[in-house]
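Start from the sequences, fold in the hints, and give me the full structure.
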Amino acid sequence: METLVTRLLSLRVGMPRELGVTGAASPLERPWTSAIFKEPVTGPVWLSRTGLAGDGQADRKVHGGPEKAVLAYPITHYDFWRERMARDDVGAGAFGENWVLSQGTEADVCIGDVLRVGGARVQVSQPRQPCWKPARRWGQRDLSLLLQQTGRTGWYYRVLEEGPVQEGDVVALLERPFPTFTIAFANHAMHGHAPEDAALLAECPLLTPNWRDSLRRRAQGSRGDDRPRLVGPNSAD
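Residue 1 is where the sequence shown starts when you use full-length UniProt numbering, and the numbers rise one by one after that.
Derived from the structure by calculation, the hints contain no laboratory data. Yeah, the Cβ is synthetic: ideal placement off N, Cα and C, and Gly gets one too. Keep in mind that the hints are not guaranteed to be accurate.
[Said to hold, decoys possible] Now the in silico label distances, taken between C-beta atoms and shown as ranges:
| no. | residue 1 | residue 2 | range |
| --- | --- | --- | --- |
| 1 | GLY23 | VAL170 | 47 to 55 Å |
| 2 | SER222 | TRP46 | 36 to 44 Å |
| 3 | THR22 | THR180 | 44 to 52 Å |
| 4 | ARG227 | PRO195 | 14 to 22 Å |
| 5 | ASP142 | GLU18 | 21 to 29 Å |
| 6 | ARG7 | GLU175 | 17 to 25 Å |
| 7 | SER26 | GLY56 | 21 to 29 Å |
Okay, structure coming up:
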């Protein structure tokens, strides 16, 4: 098996904070609570099964937990977003990611991949399904939808072996049990009109249970409504 090696260019953590302006006219400026702002850490950080020490989530119903312990994003996407968003300050941590990786995209990473990072061992669990908060963070109403439509979502890891990790660590692929189930394929199966692909991926035992359940519904023709997740309170009254 060819070994894919990359590096952890930035490690970032953050706790929930109160943001926004009381009484703001624009929904994008109103009060909200989020941990999307992550600060860089240069020394070792303990990675447990529930995430990085010093990291938290505002809404634990949809963020965090053992199946979404770490959110990763490839550095290669930031150039695209700087141009698309017309912002030169889009970089590491722009979308609430914990790890910024030096190479690899959604087309290169597979569900079930096992990787060694520093003293920990992690496994790819699912793509990110963006909520409305990246759009609120950047004041661009359609941004979360664009993250989903472009497939530049990033992905989550579950933790198989706890241990210290830090910026600069080598990220080494150890196992790839499902080489056809890339993150890109998973995004297509979930958000495209592909019931056969949805049914196929739903049988992957290393995909998170929530994704498997959603894919089964997709395979049966139920599309659901992404708008509450992607737009939420950002919509105009």
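Do the hints match the structure? See the list:
no.	hint	verdict
1	GLY23 / VAL170: 47 to 55 Å	49 Å, holds
2	SER222 / TRP46: 36 to 44 Å	41 Å, holds
3	THR22 / THR180: 44 to 52 Å	50 Å, holds
4	ARG227 / PRO195: 14 to 22 Å	21 Å, holds
5	ASP142 / GLU18: 21 to 29 Å	25 Å, holds
6	ARG7 / GLU175: 17 to 25 Å	19 Å, holds
7	SER26 / GLY56: 21 to 29 Å	27 Å, holds
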